[in-house]
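A.B. asks: Given the coordinates of chain F, work out where chain P should sit on it, guided by the hints.
There are 2 protein chains.
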Amino acid sequence: MTIKINPARLWNDIIESGKIGATEKGGLCRLALSEEDRRVREWFVEACRAEGCEVRFDELGNLFARRAGHRTDLHPIAIGSHLDSQPTGGKFDGILGVLAGLEVVRTFNEHGIKTEHPIEIIDWTNEEGARFAPAMQGSGVFAGVLDKETILSCQDREGRVFGEELERIGFRGDDACGDHPLDSYFELHIEQGPILEAEEKVIGVVGGVQGMRWYDITLKGRASHAGTTPMKMRRDASVAAAEIIVAVNRLAQEIGEGALTTTGVIEAYPNSRNVVPSRVFMTADLRHTRVDALDRMEERLKEVVAAICLQHQVSETLDRLWDSPPVQFDVECVDAVREAAKRGHHPLREITSGAGHDAVHVSRVAPTAMIFIPCKDGISHNEIESATPEHVGAGASVLLEAVLERDHHGS
Amino acid sequence: MTIKINPARLWNDIIESGKIGATEKGGLCRLALSEEDRRVREWFVEACRAEGCEVRFDELGNLFARRAGHRTDLHPIAIGSHLDSQPTGGKFDGILGVLAGLEVVRTFNEHGIKTEHPIEIIDWTNEEGARFAPAMQGSGVFAGVLDKETILSCQDREGRVFGEELERIGFRGDDACGDHPLDSYFELHIEQGPILEAEEKVIGVVGGVQGMRWYDITLKGRASHAGTTPMKMRRDASVAAAEIIVAVNRLAQEIGEGALTTTGVIEAYPNSRNVVPSRVFMTADLRHTRVDALDRMEERLKEVVAAICLQHQVSETLDRLWDSPPVQFDVECVDAVREAAKRGHHPLREITSGAGHDAVHVSRVAPTAMIFIPCKDGISHNEIESATPEHVGAGASVLLEAVLERDHHGS
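Protein chains in written order, with the numbering used here: chain F, 1 to 411; chain P, 1 to 411.
Simulated from the structure, these hints should not be mistaken for lab results.
One should not assume that every hint holds.
Pairs involving identical chains hold if they fit within one copy or between any two copies, as the list cannot separate such chains.
[Claimed, not checked] Calculated cross-link-like contacts (lysine-lysine; reagent style BS3-like; alpha-carbon spacing at most 30 Å):
(1) Lys-342 <-> Lys-25
(2) Lys-114 <-> Lys-4
(3) Lys-148 <-> Lys-220
(4) Lys-232 <-> Lys-376
(5) Lys-114 <-> Lys-148
(6) Lys-4 <-> Lys-19
(7) Lys-25 <-> Lys-4
Just chain F, same shape as in the assembly (with noise of 0.2 Å):
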């Protein structure tokens, strides 16, 4: 017998979620800790209650529904992503990995099937990181990434803390933050990104996440008169930073398949037409699956920074201020994605992804993997994020087969 998720009762499930702080353009505004998240919070755990789980939350407000297995000395099998969104979101990104774990769970007890592990549901708090910086705060704590202290007492723009808004919903629970061990991790997401689609694939196969380094370039030249300035006589901070521009732009083909490299910070100084700007401040992001490449990245991002600035007599500083080194998920995990989307012949593709997710730090402490699939042109963080009901619905079948598998021939 191949038991099967029932794709319409899931996509239900997202349109419901999706009415709890929806915008006028379709998508989400729901923001950690905020009235919002505890609504759907609440939602979400009389759905669970409803399947039997049973429903705990930690003092990071990360939340567990647990249905019981067969064997009671056996650690969870995870499902979990994020119900919070971005300001202007959409409905897909991170729902549907916590809305899939659900339908996994739905499913399960429709057909009475009991697994040897525990399935859990998890809901990680505050992953966008839009109201309390950064990102991915109770996946963060959960691994140990994170110090609980720090994030308990972080402050939104308007001066609120974190652990106050946590209480004020009602959800900062008692259970030590991290204390929790699981037997595996499986997050479903929508990529993000253009690929999936592009190459016509439902199932992406998550191998890692690239890895990721962040870097602020201020260059210094001299303000001078537009009309008076000899092209000789003049230090143009904004010359040199287009020639930046370019060089990193240049340095992904020169680097070759798997680097993405992006300035998407220019700010120039004073900023009038008639003067040539004495400051640029300008951002790079490098990302790349090896630690190798993006260490021969950087060095090159010196050399042609230091090159440039020196042609032009102008100075620079050049700071790292983030390095995010690449995840590689658990081998058996990830093979036990491509079984099931082998079984249920849904086209594949082998895929790293390029944001960051809780599973990243899930990793650390769990065996993990993630199933990607794609998403309208590639676009998320944004209200017209969509998916398809189908692709929707062959993530789940692809996510369950795995669980199962995991529960049946897992370490």
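C.D. replies: Here is chain P on its own, set in the frame of chain F:
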């Protein structure tokens, strides 16, 4: 007999004038039609009357201090510039040209020289345009380039009206603006650029003012996630903008001697470090002494912008929002300046003005020339703007000699 101006007296006038609206850093804040403008005008009028000049002002507040000549049938030889400043301006920009006129008159009085033509010292209203835009309003209306009623009714940022402010400070005259023929016009000014200083020249013989064209360029690409969008699927507005900045800078080299190109403004949206920019707004400032060269530069600008945008799948708008044609000053007046500089054994250089001046407008209605002296590090529109007493004295000497030459041999 050689008559000589008194450099110490002129320097002292500059220091005295610099006390009206003085800033802590040694500069000036003397915005047009402000209380400070009233005070410096009153001080200046008193000084001119003390030298026997008849002072009139027209309906725009342009101020004419006339020293009579032998002949009453000749129009006056005028010497002028402006007494207003930028909000954080210097003591020399404009002021030198007016006070040097006063020094010329004092020298004539001291030596009992009576010229054939009347001599007039002119303070043009609101050259800087810092409070009421555009710049060069008094001379612009005088020359018929700007509309009188438009200027009289224009407002500052606080909604105060030009005409009312002019009335308030007591300098709205009855004379029709422009109804005041001049034999010729000489303006002494600091260079506001670094060329004379770099080449150790004392006098710049200004042959004209370069032409200038201003462009707004908006590039529209597609915002996408820096971590999930493959390089080949990007439509990156910042990379296109960077290539355009590099190309605009190269354009000056391509066109050669006399071409100046500047990108002063660059603004990226959403200006977030992990988002490929969807849009960039930027400017281009192209300058040259010849219209045909400006035409060629504009043509090339359009070509490179179109080619770069096509390559990056970015759409563009390119608007020319200002075109100020090159100005050639009067050959005889320029010759008079050159000969005066030679007779004074001042190291001189032919130079084109890169910035706009009242002389640009006046040259439309009277034979005109300008004299430049060096300013420290080429810096102007800045409280640290500076010139030496020696150069100020040399400039005023050349001015006096050129005026005498015009008086004896002019048309």
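A.B. asks: Determine for every hint whether it applies to the structure shown.
C.D. replies: The hints, checked one at a time:
In this assembly of identical chains, the alpha carbons of Lys-342 and Lys-25 never lie at most 30 Å apart, being 36 Å within a copy and 75 Å across copies at closest. For the identical chains of this complex, Lys-114 and Lys-4 are intra-copy neighbours only, at 15 Å inside a copy versus 110 Å across copies, given an alpha-carbon limit of 30 Å. For the homomeric pair Lys-148 and Lys-220, neither the shortest alpha-carbon distance inside one copy (40 Å) nor that between copies (43 Å) is at most 30 Å. In the homo-oligomer, the alpha carbons of Lys-232 and Lys-376 lie at most 30 Å apart only across protomers (18 Å), although the nearest pairing inside one protomer, at 49 Å, exceeds that limit.
When the C-alpha separation of Lys-114 and Lys-148 is checked against a cutoff of 30 Å, the pair qualifies neither within a copy, at 35 Å, nor between copies, at 90 Å. When the C-alpha separation of Lys-4 and Lys-19 is checked against a cutoff of 30 Å, the pair qualifies only within one copy, where the shortest distance is 27 Å, while the shortest distance between copies is 87 Å. When the C-alpha separation of Lys-25 and Lys-4 is checked against a cutoff of 30 Å, the pair qualifies neither within a copy, at 33 Å, nor between copies, at 78 Å.
The structure fails hints 1, 3, 5, 7 (numbered hints given earlier, in ascending order).
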